[in-house]
Every structure is written in structure tokens, then in C-alpha cells.
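Visitor: Here are the chains, one letter per residue:
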Amino acid sequence: MLVKENLQTGANGRETFVLNLGPQHPATHGVLRVKMEMDGEYVMRAEPVCGYIHRMQEKMGENRTYAQFLPNTSRIDYLSAMNYTHAFVGAVERALKLQIPPRVEFIRVITSELNRISSHLVWWGAFLLDLGGFTPLLYAFDDREKILDLLEGISGARLTYCYYRIGGLYNDVDDEFLEGTRAFVKHMRPRLDMYRDLVTDNIILRKRLEGIGPISAELCRRYGACGPVMRGSGVPYDVRRAEPYSVYPEFDFEIPVFPEGDSMARYRVRMEELEQSLRIIEQALDKLPAGPVMADKVPRVLKLPAGDYCYAVEAARGRFLVRIVSDGKEQAYRVKLRTPCLSNLSLFEEASRGMLLPDALALMGSLDLVIPDIDR
Amino acid sequence: MQTLLTFLSSEPIRLLVALVAIMSFVGANAAYLVWVERKGAGRFQRRPGPTEVGWAGLLQPIADAAKLLSKQLIVPPGVDRALFRLAPVLMMPPALMSLAVIPWGESLAARDINVGLLMIFAFGSINVMAIMLGGWSSRNKYAIMSAARVVSQNVAYEIPMLLVVITMILVTGTMNLNEIVRQQAGPFWHWNLFRVWVNPLMPVTFLIFFICMLAETNRAPFDMAEAESELVAGAFTEYSSMGFGVFFMAEYANILLGCALGTVLFLGGWQSPIGLWPGVFWFLLKLYLLVFSVVWIRWTFPRTQFYGLLNLSWKILIPVSLFTLALSAAMMKLLRL
Amino acid sequence: MKKTALEILQGLRSLLIGLRITLREFFKPAVTVHYPHETLKIPPRFRGHIELVRDPETGRAICYSCKLCERACPSDCITVDGAKLEGAKKKSVTKYILDFTKCSLCGSCVEACRDSAIRFSRDYNLAGLSKDEFVMDLFKKLEDEARAAGLREAPAAVEPPPAPAESARTAGAAAPAPLKTS
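Chains as they are written, first to last, in my numbering: chain A, 1 to 376; chain B, 1 to 337; chain C, 1 to 182.
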């Protein structure tokens, strides 16, 4: 790999070389290849090449019955699995016009928010690992263990929960879960303060993230970026407020929005979301009604009436939309999964022009990409 | 018999024994500082660290060394053969030679040179050249980028380091390290760190010295050379087996040298605050406290941005150290010292 | 000038606060479990691979090979075979193959079974030397366990049907629900 042979002449006459941030690289969280044309340390052009983990989820939607597709939904974005299952189950329930018992909705909200917290903790730890701070990852994983233990107690799985079912839940939650969740919320708040003192206020991190990777609201709109990426650029769009679903309208929580648009803003959005998720969980635990955990009259053989059905949720990374086109049979005609990470990644090419390599990597980390979400 | 004893206590033999002692001390430390680092990292992260190999993982460095030795020494095709092999060789000797003038105890210095401090800094620049040669001769884009970064980082941080050392030479009036330690005799407020009537900003001077020492040895938060998540292993990407091992041993040897220098210049060297145990013990205690601080800082902070690092040096450390130098000179003139 | 000085001092303060936090964590006990010397308690609802449930009265597997689980499985893991004993009303299971290399632990089979004849086991530390070890015959496992526990002296009470006519009938009924592979 001779350096001289790969030199090309860039647009302004300077020689550039191609650096391959290959599919195997510690900084790209998953198998993503980014072809970077570099001028010294500056990134002239970054071309992401995805598809290394394409598993044909949408095709599998056409070959499975609706109940058989449930495990797939957990594996699209494995860090935020409950939210994705919620979207699919919600779409089918909307099509079948099922009446979901309120207890089910509340438990779905509690588990989805717990999943959001665990996903943000992974993002936080991995992002700091990219930036060179190794310790916060382990503190985050210690907290995440508690969430995983709680969710393992009710569903039996730790990462790819197959807990929601069409019409309700797999099984009811027990008192151990409710007490454990309350204890977790109490434990987590001082930890959030500790994270703020150790990392967020740290001058080294602030110098590393403030002003880096500015993304304007207009750029977000052009590429369809959503979630914390967009809320870090000042656009207050959250699916839980804009297209309310489940029982979210009953809770009192804020949507954190920061107008600066740099990596620090996106970082702060996610840290604030941790606190807001804790608030939602507390309120849901207080308001949890008794009742059945499965809708009655759920048909054994699920055949959706012919038509087009959608359901959008606010997953940890943005707006996840499931669109099911049914032709009346047991298996869907088309299952479209609109994932947030693909749109979030697509603005990387334009946003990273002219940046230094470590800054470009900090930008990519702040976009919070999960590659199976991009490739499906 | 008499001639044998005079022969054995003559200067060349004493020097030889001292050098062998230093080399074995550095070798043992380079291996076991890895253990200290991994155990320390584990404890900061609330996990045990290595425990399986030997009691409390004490044989882990031996196992790692055996693993490294058993690997094939790959010299990739197309590299500059002489420089590729020369680079690790050039890393260790400067640290070893500089340690020869450090006073470990009252009469425990391999060589008591009058310009000991100057000698240390004369040798200190060679390891920069070694990393640069290693990166350049590897014929690997990542390695070259990393080598370029290391050179500019080390050049930037040598200046405030030297300014701080010049301040200390001014304050103590000598370049002889043993003499500097003797001036700090007595209880601990006699240490150079607290000599604020000559240089009111002495703690700041120590802080600048410590930061420069971290940057010179490429330790976090200034470890651009080995920024794992960006450049794989930086300048050492193409080195395997003991080539890699030697680079890491040399890094720990440099940390030892930097901490030893800090102890001698600021923390009183082998002077004991309570006059109980022999000087060597206090020297090692202070040395390892500084080494622990280096490990502590590594596992707490993220990496600085490269231009942030250079900004810190050129725009903050150099003006502040120049100011302290001028201030010390002014105070010495005023107090007629 | 004054702003930079203030910024430097505040920055230094944030660094010292961070150092204090990690030093505090240094003296706290480790939160890890030293596996394999120590293990964790497995929660009751843990999802290991499935296993057949024994009927406490008859001592035999509850499963009567209705194949609902086979149809419900999204990954084509389960193959069930059964035969009618002489004088019995329902079939009894003779072969229950679970291909654990494909199983995603979704629980559709456990949910589909109307008689709770299968449940999740709590086996978590499976290790094997070849892929074949993970294509398990759960019925055979159940019978081996029964024999080991002394519940039976003779070989399994339900033998695979010897007559070809019988097996042809069960083979026809055993065709799995088509998973359309277009």
C-alpha cells in the first residue's frame, strides 16, 4: 500500500489520498465502511458504504406471518428493541382495531422507556470510548446491568426481548419488577449527577465537542434526520408529542431541545432524555392500573384486512415507522421499516466536509448509529 | 585479597553494578507497571483486573512477555529495513542513560555529574526521533499520520518543560541533581514545591512540569500517538512481537524517568520528612505516588483534540512558564539571593 | 484575558472534580461476578432452550404431537413426530427435534402450545464441540432423564411405530406448515 500511488489531485489542486475506515474498525459501531478522501488530516469527502449486515428483514416480513415476524423486530436495532417491537405490534393492532387493555399500554411505556435509558447508556459509554475515556463505559454498563436484570425478570431475555405480543404482552409483570424499577429510578438520579460531574462538565470533553460538527436544522430537514440529531439542531420534533401513540399523552415530560447544532448539543439532548425517561417511568408506575395483559378476542390466525397501515414511535435514535401493506392474507404483502439511522447517516457526507479526522469521528459518534438499523 | 577488594570497590566496577541495577530496575518496572496499570484500571472501573495468572495476577506480565517473545517478528515488505529495526532500539537507551544520574538515595547515584539535568534533557529528545522513524519506516498511512502528530506534540511540550527546568535551575542555583535534593533537607515544607518565597507560583510550576511530562511520554489525555479508536495503534501499527513490546517498555521507562525527575526537582528526592527510614524508601514512595497519579489521570479523562493539545502548549503553558521564570528572577533579585 | 484565566481555572476545577469521582470509585468494591468461580442466580422466567414437560400423574411427556409449535416457529426449528399407543385416545410424542442453531428464543412455540407441554429451560452455559450437539432431540432427553432418575427400568414406554402403514400416515400429517420461500 504505497502512499504515492493512491494520491489523486483534489479539486483545488492538492494531492489527496483515500483512507478506508474499513468495516472492521474500532470507531464505527458495527460494520460500516467509510471511504474518506483525505488531504493530510482533513476529510475532503467521506462516502459511507453500508450493506455489510443486510439481513433482508423487510423480505422476511413478506415470508412470515405477523406473529412469526416479532423476533425480527427486536433485531433491527437491538439496543432499542422494545420500541421497535412496539411499532410493529401497534401497526398490526391498529389494522385489526383491537382494544388494548390500559395495563398493557402502561407496561409497554415503562419497558420502552427503560429500554431507551439502556440504549442511551450504551451510546454514552461507546461515544466516550471513541473519545479516549475508557472508564465511563464501565460505569454506564454497571447501571445498564440493573435495567437488563429487571427486564430479564419479566421477559427472560436481556437484549432481544420478544415481550410484546399482538394484543398485549407475553406475561404480566410481578411485584419484584415494580419494586425493582422504583429502586432503579432512585438509584439512577444521583448517577446522572455523577455523569454530569465526571464527563459533561469536563473541560477536555467540552473542548472536544463544542462547535464540532455543526448541523443546521435545514440540513436535517433535507436528509430527513430525526431524533436527538434534529433536536440538537433546535427542531422540537418528538413523535411522542407530534404523533401521540399509546398512553404518552397522559404523562408530563419535556422534550429537550438545544439550538446550537454541534456535537455538544446532541450529547446534552440525550443526557436530558435520560432524566425525562426517569420521570415518565415514575409517573407510569404511579398510575399503573390493574387488569388483563392480553386483549380479548385476538384471532388465533391473524389476517389483516387489505390496506395500508402505519405506526410511528420515538425510538432511542429517532422516528421509527412501520408500514404494513396487506392483501388480506396471513402474511403481509409488504413490510416497510423506516429506520432513523439511515437518514442520520446520510447527512454525514455533507456535514463532515473539511473536518479533521478525529472531529469527523466525533461527529459520527454523536449521530448514534447502529449499523444493523441502517442495513436492516 | 586487598587488591581484589580495591579492585571491586573501584569506580568502573561500581558503575557497572549500578548500571546493571538500573537496567534490571527499569526492566522489572516496565513489566510490572503494566500490572499496576491494569489493576489500577480495574479498580477505577470497579472490576478486579487480572486475577487468573498467579496470585492476584502477578504473573500476568510474565505471561504477556512470553506471548510477545513467541510471536514472529514480521518485517513487512517494502519498509525501510534499517530504520524499521532501528526505531525500537533507539527508544530504550535514552531513558536508561538518563536514569544513571538520578540520585536514588544519599549516595546512590550511578554518576554524580555536575550537569546531570542538562544530560537528561539532551537524551530526552532521542525518543521522539525513534517514534518518528518507527512511523515513517512502516510505510503505512496510519503510522505516518501518527508519527507526524507525535513530533509536533513533543516539540511543543519540550519548550514549557525546559522553561520550568530553567526556573528550577535558577531557584536552586545548580544543575547537579544530588545537590538539588540536598537543598531540600528537613521537614516537607522545605521541599521545592513549597519554596514560594522565591517563586510564588511554585505549585503552578509543578503542575506545568507534570502536564509536560504526560505529554512527552504520550500518556492520556495526550496519547494521540496511540489513539486506538482512530488510528489502530498509531506509529506502532506495523510492529509485532518484541518490537511492539520494546516500544511499550520504553514508554513505561520514560514515565519512570519523568516521575523520578519530578520527585527530585519538586518533592524532595530521597529526603525523608520524619527522618526514620533510609532515603531510598522515601524516593521510591514518592516516585510511585506520582506514577499512580499518572495512571489515575489516564483512566479518568478523555483524549484532548490535537489542536487543543497544541493550543494548550503554545498559548497557555509557554506564556505561564515564561511568566514564572521572570517572576522567580525578579524575586531572587529583590531578596538578593 | 480575564475570561481566559477564568476559563482555565474553571476547567482545572472540573478536572479535579472528575479525579475525585474516580478516586471515590477506586475504593468501592468490585461489581463484577467472578465467573466461573461464582455464578449468578438465574431468574425463573429465563429463556433457555425449550424442554418437554412431564405429566406428574402418568410420568410421560404431556406433548401429543399436535404440531402447533412446529407451525408457529418462525425459524423452522422444530420437528415433531408422534404415534398412538395401543388403547390410547391421543397420540404420544416419539421424536421432538429442536434445531437450536436456528432458534431465536422468541417463545412462539411455548405460547402456541395449548397444553403447556413445552416450557423454557434455564440452561445457559451450553458449549459443544460440533454443531450437531445443538440439534437436540428433546423427547430423548426427557426419557434419558427419566431413566437416570429411576422412573423407568425398561426402555421408553412409547416406541416409534414399526408398521410402515402407520408411519406413512403420521408422515403425511407431519408436513410442516409451508413457510413460503418464493
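Calculated from the structure, these hints are not laboratory results. Bear in mind that the values here come from a model prediction, so they are computed numbers and not experimental data. Note that beta-carbon positions come from the ideal geometry of N, C-alpha and C, so glycine has one too. Check each hint, because a few of them may be wrong.
[Claimed, not checked] BS3-like, lysine-lysine: derived pairs with alpha carbons at most 27 Å apart:
1) C:K95 to A:K186
2) A:K297 to C:K102
3) B:K141 to A:K35
4) C:K140 to A:K186
5) A:K207 to B:K71
6) C:K3 to A:K146
7) C:K28 to C:K95
8) C:K95 to C:K131
9) C:K84 to C:K41
10) C:K141 to A:K59
11) A:K329 to A:K186
12) C:K140 to C:K89
13) A:K207 to A:K146
14) C:K67 to A:K303
15) A:K146 to C:K91
16) A:K207 to C:K89
17) B:K315 to C:K3
18) C:K2 to C:K41
19) C:K67 to C:K41
20) C:K3 to A:K207
21) C:K102 to A:K329
22) B:K39 to B:K71
23) C:K95 to C:K41
24) C:K67 to C:K3
25) C:K141 to C:K89
26) A:K336 to C:K102
27) C:K67 to C:K89
28) C:K67 to B:K39
29) B:K315 to A:K146
30) C:K67 to C:K28
31) A:K59 to A:K207
32) C:K2 to B:K315
33) A:K59 to A:K336
34) C:K28 to A:K59
35) A:K329 to C:K3
[To be verified] Away from chain C, derived, C-beta distances all over 10 Å, residues of chain B:
36) L15
37) F44
38) R46
39) P48
40) I159
Visitor: It remains to establish, for every hint, whether it holds in the given structure.
Guide: Structure-based check of each hint:
1. C:K95 to A:K186: The given pair, whose Cα atoms are some 50 Å apart, is violated under the 27 Å limit.
2. A:K297 to C:K102: violated, 32 Å
3. B:K141 to A:K35: holds, 14 Å
4. C:K140 to A:K186: violated, 48 Å
5. A:K207 to B:K71: violated, 41 Å
6. C:K3 to A:K146: Distance ~43 Å between K3 of chain C and K146 of chain A Cα, so the pair is violated.
7. C:K28 to C:K95: Violated. K28 of chain C to K95 of chain C sits at ~53 Å, over the 27 Å cutoff.
8. C:K95 to C:K131: Answer holds: K95 of chain C to K131 of chain C is near 19 Å, not above 27 Å.
9. C:K84 to C:K41: Between K84 of chain C and K41 of chain C the Cα gap is close to 41 Å, so the pair fails against 27 Å, i.e. violated.
10. C:K141 to A:K59: Judged against 27 Å, a Cα distance of about 36 Å means the pair is violated.
11. A:K329 to A:K186: Answer violated: K329 of chain A to K186 of chain A is near 48 Å, above 27 Å.
12. C:K140 to C:K89: holds, 22 Å
13. A:K207 to A:K146: Violated: K207 of chain A and K146 of chain A sit about 32 Å apart, past 27 Å.
14. C:K67 to A:K303: holds, 21 Å
15. A:K146 to C:K91: violated, 45 Å
16. A:K207 to C:K89: violated, 77 Å
17. B:K315 to C:K3: Given pair K315 of chain B, K3 of chain C holds - Cα atoms ~14 Å apart, limit 27 Å.
18. C:K2 to C:K41: Given pair K2 of chain C, K41 of chain C is violated - Cα atoms ~58 Å apart, limit 27 Å.
19. C:K67 to C:K41: Distance ~33 Å between K67 of chain C and K41 of chain C Cα, so the pair is violated.
20. C:K3 to A:K207: holds, 16 Å
21. C:K102 to A:K329: holds, 26 Å
22. B:K39 to B:K71: holds, 25 Å
23. C:K95 to C:K41: violated, 32 Å
24. C:K67 to C:K3: Between K67 of chain C and K3 of chain C the Cα gap is close to 76 Å, so the pair fails against 27 Å, i.e. violated.
25. C:K141 to C:K89: Roughly 25 Å between the alpha carbons, so the hint for K141 of chain C and K89 of chain C holds.
26. A:K336 to C:K102: holds, 24 Å
27. C:K67 to C:K89: holds, 17 Å
28. C:K67 to B:K39: Since the Cα atoms of K67 of chain C and K39 of chain B sit roughly 55 Å apart, the hinted pair is violated (cutoff 27 Å).
29. B:K315 to A:K146: Violated, at roughly 45 Å.
30. C:K67 to C:K28: With a Cα-Cα distance of about 54 Å, the restraint between K67 of chain C and K28 of chain C is violated, given a limit of 27 Å.
31. A:K59 to A:K207: violated, 45 Å
32. C:K2 to B:K315: It holds: about 14 Å lies between the C-alpha atoms, which stays within 27 Å.
33. A:K59 to A:K336: Satisfied, since the Cα-Cα distance of roughly 9 Å is no more than 27 Å.
34. C:K28 to A:K59: Outside the cut-off at roughly 50 Å; violated.
35. A:K329 to C:K3: violated, 69 Å
36. L15: At about 41 Å from chain C, L15 of chain B clears the 10 Å cut-off, so the statement holds.
37. F44: violated, 5 Å
38. R46: Violated, since 5 Å does not exceed 10 Å.
39. P48: Answer for P48 of chain B: violated, closest chain C Cβ roughly 5 Å.
40. I159: holds, 18 Å
Of the numbered hints stated above, those contradicted by the structure are hints 1, 2, 4, 5, 6, 7, 9, 10, 11, 13, 15, 16, 18, 19, 23, 24, 28, 29, 30, 31, 34, 35, 37, 38 and 39, listed in ascending order.
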